[in-house]
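Asks: Counting along the sequence shown from 1, when you hit position 34 you're at 34 in the UniProt record's numbering, and nothing is skipped either side.
Hints were generated in silico from the structure; no laboratory data involved.
Don't take each hint at face value.
[Stated by the list, open to error] So the derived label-pair ranges between C-beta atoms look like this:
{"id": "1", "residue 1": "Lys9", "residue 2": "Pro46", "range": "41 to 51 Å"}
{"id": "2", "residue 1": "Thr42", "residue 2": "Lys9", "range": "44 to 54 Å"}
{"id": "3", "residue 1": "Asp16", "residue 2": "Trp53", "range": "22 to 32 Å"}
[Unchecked claim] Calculated pairs, DSSO-like style, for lysine-lysine (alpha carbon to alpha carbon, straight line, at most 27 Å):
{"id": "4", "residue 1": "Lys23", "residue 2": "Lys9"}
{"id": "5", "residue 1": "Lys13", "residue 2": "Lys23"}
{"id": "6", "residue 1": "Lys3", "residue 2": "Lys13"}
Quantities reported herein were computed from a predicted structural model and do not represent experimental measurements.
For each residue, glycine too, the CB sits at the ideal point set by N, CA and C.
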Amino acid sequence: MAKNSDIVKQLEKAVDLAVTYGKPIVHWGFIPTIILVGMLTTKPRPSLGQLLWMG
């Protein structure tokens with residue numbers, strides 16, 4: 001059976017890995033997610049082309 005200190009070390013490694021990879025994903029994905037949610041919840045629904053080219 002693993003000791004508490006071993007479990008804590010494994011948990012620290014897992015959290016470090018999650019923060020290392022999760023932070024850039026959240027930073028780069030937040031604004032596109034907000035735009036997508038806005039596109040899907042408004043009426044009339046704009047197309048992606050209308051959003052990008054203001055047409």
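Asks: Now, for every hint given, state plainly whether the structure supports it.
Replies: Hint-by-hint comparison with the structure:
As the Cβ distance of lysine 9 to proline 46 is approximately 50 Å, the hint placing it in 41 to 51 Å holds. At roughly 48 Å, the beta-carbon separation of threonine 42 and lysine 9 lies within the given 44 to 54 Å, and the hint holds. Checked against the hint of 22 to 32 Å, the C-beta distance between aspartate 16 and tryptophan 53 comes to roughly 42 Å, which is inconsistent with it. In summary, the hint linking lysine 23 to lysine 9 is supported, as the alpha carbons are separated by about 21 Å, within the 27 Å threshold.
With a C-alpha separation of about 15 Å, the suggested pairing of lysine 13 with lysine 23 holds against the 27 Å cut-off. Proximity of lysine 3 to lysine 13 is assessed by CA-CA distance (about 16 Å); at most 27 Å being required, the pair is judged to hold.
Consistency note: the structure conflicts with earlier hint 3 alone.
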